[in-house]
Every structure is written in C-alpha cells, then in structure tokens.
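Peer 1: Listed below, chain by chain, are the residues.
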Amino acid sequence: EAGVAQSPRYKIIEKRQSVAFWCNPISGHATLYWYQQILGQGPKLLIQFQNNGVVDDSQLPKDRFSAERLKGVDSTLKIQPAKLEDSAVYLCASSPGRGQATSGNTIYFGEGSWLTVV
Amino acid sequence: KQEVTQIPAALSVPEGENLVLNCSFTDSAIYNLQWFRQDPGKGLTSLLLIQSSQREQTSGRLNASLDKSSGRSTLYIAASQPGDSATYLCAVNTNAGKSTFGDGTTLTVKP
Chain L
644 EAGVAQSPRY
654 KIIEKRQSVA
664 FWCNPISGHA
674 TLYWYQQILG
684 QGPKLLIQFQ
694 NNGVVDDSQL
704 PKDRFSAERL
714 KGVDSTLKIQ
724 PAKLEDSAVY
734 LCASSPGRGQ
744 ATSGNTIYFG
754 EGSWLTVV
Chain Z
421 KQEVTQIPAA
431 LSVPEGENLV
441 LNCSFTDSAI
451 YNLQWFRQDP
461 GKGLTSLLLI
471 QSSQREQTSG
481 RLNASLDKSS
491 GRSTLYIAAS
501 QPGDSATYLC
511 AVNTNAGKST
521 FGDGTTLTVK
531 P
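Protein chains in written order, with the working numbering: chain L, 644 to 761; chain Z, 421 to 531.
Bear in mind the hints are in silico, worked out from the structure with no lab data behind them.
Check the hints yourself; a few may be wrong.
Calculated from the model, a selection of chain L residues having no Cβ within reach of chain Z, i.e. all distances over 10 Å [claimed, not checked]:
#: 1; residue: Glu657
#: 2; residue: Leu688
#: 3; residue: Lys714
Here are the simulated DSSO-like pairs of lysine-lysine, each with C-alpha atoms no more than 27 Å apart in a straight line [what the hints assert, rightly or not]:
#: 4; chain 1: L; residue 1: Lys687; chain 2: Z; residue 2: Lys530
#: 5; chain 1: Z; residue 1: Lys518; chain 2: L; residue 2: Lys714
#: 6; chain 1: L; residue 1: Lys654; chain 2: Z; residue 2: Lys421
#: 7; chain 1: Z; residue 1: Lys462; chain 2: L; residue 2: Lys654
Not the full set, but computed from the structure, chain L residues with beta-carbon under 10 Å of chain Z [said to hold, decoys possible]:
#: 8; residue: Ala645
#: 9; residue: Val647
#: 10; residue: Gly683
#: 11; residue: Gln684
#: 12; residue: Gly685
#: 13; residue: Lys705
#: 14; residue: Phe708
#: 15; residue: Ser709
#: 16; residue: Val732
#: 17; residue: Leu734
#: 18; residue: Thr749
#: 19; residue: Ile750
#: 20; residue: Gly753
#: 21; residue: Trp757
A quick note: this is a predicted structure, and the numbers were derived from the prediction, not measured.
We put the beta carbon where it would ideally sit given N, CA and C, even for glycine.
Using the sequences and the accompanying hints, generate a full structural model.
Peer 2: Put into structure tokens, the structure is as follows:
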C-alpha cells in the first residue's frame, strides 16, 4: 500500500513570495490533515478535511494560508505571502475514518515538505 | 484548551537500558492517546494507540500506559537499542478527531 505522498520535499523562498505544497493521501482515506511543525516543537494542526469538506481550520492563518481538497482526494496548501516565521515542515496526514476519534483508527503521515523562508 | 507536555525534552541512555518517556495533558476528557516516532527528516510513524477506556497497550518492546484521571501517559521501552534513537511524540485526541501534540522527547541510545 502506497503511503502519503508529498511534494516538493524541500523549498527555499524569499519572504513575501508564494509557495504551494501538494499531498496525495492513502487511497480511500476520507480524512486529510495539514500540520505545521516548527523545529523542536510538535506538529500543530492547520486544517482538517473530511472528504472535500473542511472540519477544522481554526488554527489556519487565513490571511496568508489557504488549502483545498479537490474531489475529496489530493490537497494543496498555499502560503502567500510567506513570512520568515513560516519556516517549518508542513506535514500531510490521512486516516480512514473521522480522524482519530474512530475506535482503533490511526493516522498516517507523509515525510513532509520542508520550507525555508529567507 | 488542551496542553500536552513531554518530559524530558531529551534523553541519552546506554544500549540495553530500560527507559520511560512521559506525557502529561491538562484536559482529561480525551478519546484516545497516540504515541509516534519521528526520525530526522522524516514524517511521524504511529507506535501505539490507547483508547480512553484502556489502561495500556503493548507492541514488542514497547508498552504504553494511560491514566486518564491524572492526565498522564508513559511509554516504556525495554532493552533499548541504537535503532530506537528518534524523537517520540504523544498526541491527545478528542472524539471530534482533534489532536494536540506534545513537543516530543529526543532519545539517543548509545552503543
């Protein structure tokens, strides 16, 4: 079974530029997450999709971040314009059901997209 | 607001030693708790998932316990090996599927 795919793996941009990350979840997984992980910290949820609907985007900085999940499969996360503090790893994850609330459910992570803003 | 704390932030042990990693959380109204492993430059790999009604889960040399009333979980690693070196994160989950992660414990097992 293929895992969660993310691209690009690494990106360096100047502040005020824009960047987009792509995620392809595990086939059949209804729930998709985007997390931001700053070096030395745990992941912080940015947005959670259930199929192609948004379940939780309370911690997404909507003035500069946007995300979409077309047709309930792939997803893109965009940052425009980027700030220095956006330097982080952006992790995409997926799970079969309604996130980790489902008994025995588990969440699968991609290897992340590493962003450096200079 | 749920807060998750992991102590210590870093731990270094000689090979073969048994060790315990700690995770504490402030809101005991959780649905389940999950332990992850993260290798440098990699994503997170799920190790163990404990439902709120369970006290512990075991997988090989790993044993995770949960005391919901006191807001604590521990991850016990028996007979540690250099390959266990990684960052270990715990995540506390609500029944709405919302996860709060700790900042992790970075473990180094010296040969």
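Peer 1: If you check each hint against the structure, which ones fail?
Peer 2: 2, 4, 6, 8, 13, 14, 15
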